[in-house]
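Peer 1: Residues per chain, in single letters:
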Amino acid sequence: GAVVSQHPSRVICKSGTSVKIECRSLDFQATTMFWYRQFPKQSLMLMATSNEGSKATYEQGVEKDKFLINHASLTLSTLTVTSAHPEDSSFYICSARGQAGGDTQYFGPGTRLTVL
Amino acid sequence: QKEVEQNSGPLSVPEGAIASLNCTYSDRGSQSFFWYRQYSGKSPELIMSIYSNGDKEDGRFTAQLNKASQYVSLLIRDSQPSDSATYLCAVNFGNEKLTFGTGTRLTIIP
Numbered sequence: 007g008a009v010v011s012q013h014p015s016r017v018i019c020k021s022g023t024s025v026k027i028e029c030r031s032l033d034f035q036a037t038t039m040f041w042y043r044q045f046p047k048q049s050l051m052l053m054a055t056s057n058e059g060s061k062a063t064y065e066q067g068v069e070k071d072k073f074l075i076n077h078a079s080l081t082l083s084t085l086t087v088t089s090a091h092p093e094d095s096s097f098y099i100c101s102a103r104g105q106a107g108g109d110t111q112y113f114g115p116g117t118r119l120t121v122l
Numbered sequence: 003q004k005e006v007e008q009n010s011g012p013l014s015v016p017e018g019a020i021a022s023l024n025c026t027y028s029d030r031g032s033q034s035f036f037w038y039r040q041y042s043g044k045s046p047e048l049i050m051s052i053y054s055n056g057d058k059e060d061g062r063f064t065a066q067l068n069k070a071s072q073y074v075s076l077l078i079r080d081s082q083p084s085d086s087a088t089y090l091c092a093v094n095f096g097n098e099k100l101t102f103g104t105g106t107r108l109t110i111i112p
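Protein chains in written order, with the numbering used here: chain A, 7 to 122; chain G, 3 to 112.
Hints in this document: simulated from the structure, not taken from any laboratory.
No residue lacks a Cβ here, since even glycine has one placed at the ideal position from N, Cα and C.
A few of these clues could be false.
As the list claims (entries may be wrong) - As a list, the in silico BS3-like pairs of lysine-lysine whose alpha-carbon atoms are at most 30 Å apart:
hint	chain 1	residue 1	chain 2	residue 2
1	A	K20	G	K4
2	G	K4	A	K47
3	A	K70	A	K47
4	A	K70	G	K58
5	G	K58	A	K26
6	A	K47	G	K44
7	A	K61	G	K58
8	A	K70	G	K4
9	G	K69	A	K72
10	A	K61	A	K26
Claimed, not checked - Chain A is nowhere near these chain G residues, computed Cβ spacing over 12 Å in every case:
hint	residue
11	Q40
12	E59
13	N68
14	D80
15	T109
To be verified - Here chain G is said to cover these stretches of chain A; the calculated rule only asks that three of the stretch's residues, wherever they fall, bring their Cβ under 8 Å from a Cβ of chain G:
hint	stretch
16	15–22
17	50–61
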């Protein structure tokens, strides 16, 4: 149980384009989903927290207009990186937390974004 | 500021020995504690959660929590080369988020 998927697993795009990443909880309802970013050899950095049906809460320093988060259902959240630039190249990971799991977060496999 | 601290390592342990990973946190009122394992290039996977003082065992893994000392540890018995990874300690400081340590890189030497 507690499986989280992400799509795509890897994406390469040109500078200036937008990229959408999907995060799905496959076998539970995720009341809250989290989006993290991880640069090489660094720890996880929380970008935002999203609750189903409400606006995401962004961490300090994260541009909400650049990283658009939508949590339209209890099993799906999306992160759109708008007008991507090379410095946005990173490993983006979502996690999900359901009511049954308490405050345990289950991570998706991650999406590696490379912006040329 | 609420913080989680781990020794970044690398920690090298011979195969078959016990690996001991440590984590301290700043808020005495914290209630939930987690250990995640992250292989290079992969996302974190949950190893254990612990909520009460004392030990919690799951297979070769034992989590130990001491709230008075604000200390949580993870012991790995009979270490295997496949245990080589970065281990992340995470704490819920009472909000819905987890605060992660920077991780300890563990290498098991065959």
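Peer 1: Indicate, hint by hint, whether the structure satisfies it.
Peer 2: Results for each hint:
no., hint, verdict
1, A:K20 x G:K4, "violated, 38 Å"
2, G:K4 x A:K47, "holds, 22 Å"
3, A:K70 x A:K47, "holds, 25 Å"
4, A:K70 x G:K58, "violated, 40 Å"
5, G:K58 x A:K26, "violated, 40 Å"
6, A:K47 x G:K44, "holds, 12 Å"
7, A:K61 x G:K58, "violated, 37 Å"
8, A:K70 x G:K4, "holds, 24 Å"
9, G:K69 x A:K72, "violated, 40 Å"
10, A:K61 x A:K26, "holds, 17 Å"
11, Q40, "violated, 9 Å"
12, E59, "holds, 18 Å"
13, N68, "holds, 20 Å"
14, D80, "holds, 26 Å"
15, T109, "holds, 15 Å"
16, 15–22, "violated (count 0)"
17, 50–61, "holds (count 3)"
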